[in-house]
Amino acid sequence: MAWNEWNELKSAPAPRADLIAHQDDLGAVGHEAYVLHGALLRHADVAARDHSARTAAALRRYHFAMGAALETTAGVWTSQLRSLLQACAHISNHLDHTKAAHARDDAKIRTAIRGVAAPEVPVSRLSAYFK
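Residue numbers (full-length UniProt numbering): 1 to 131.
Keep in mind that the hints were calculated from the coordinates and are not lab data. Even for Gly, the Cβ is constructed at its ideal location relative to N, Cα and C. There's no promise every hint is true.
To be verified - Computed spacing ranges between beta-carbons, pair by pair:
| # | residue 1 | residue 2 | range |
| --- | --- | --- | --- |
| 1 | Ala-89 | Ala-58 | 29 to 35 Å |
| 2 | His-51 | His-90 | 48 to 54 Å |
| 3 | Ile-109 | Ala-39 | 35 to 41 Å |
| 4 | Trp-77 | Glu-32 | 21 to 27 Å |
| 5 | Gln-86 | Asn-7 | 49 to 55 Å |
Produce the complete structure using the sequences and hints provided.
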């Protein structure tokens, strides 16, 4: 890259990447996290459902090396599954809380701008905020 190209790039305005999340988007992401959490609970806990711990213990009792390997695999699977379930629950709960908090904030702002008696905010009152 030549020096003049570098100077041109430095003087060019940087592209903006604003993060915008709408209430509906937050709700959809939170719902998908909730659905994934439920599906994982029903279908992914194969280590417990297949009684891997008992099977591993039986294999170890008969001196099969596979028993220890199965026990390790089931332990890692269960640990990873719990972490994923916690993450899904955290995302779902956080987005539900965020959505509710924004709704409360919006209601507070509307009430503060409207005042107690006025159904709508007159233009003269709005202009006071932009001085």
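Each hint tested on the structure:
1. Ala-89 / Ala-58: 29 to 35 Å: With a Cβ separation near 34 Å, Ala-89 and Ala-58 satisfy 29 to 35 Å, so the hint holds.
2. His-51 / His-90: 48 to 54 Å: violated (29 Å)
3. Ile-109 / Ala-39: 35 to 41 Å: holds (38 Å)
4. Trp-77 / Glu-32: 21 to 27 Å: holds (23 Å)
5. Gln-86 / Asn-7: 49 to 55 Å: Since the Cβ atoms of Gln-86 and Asn-7 sit about 50 Å apart, the hinted range of 49 to 55 Å holds.
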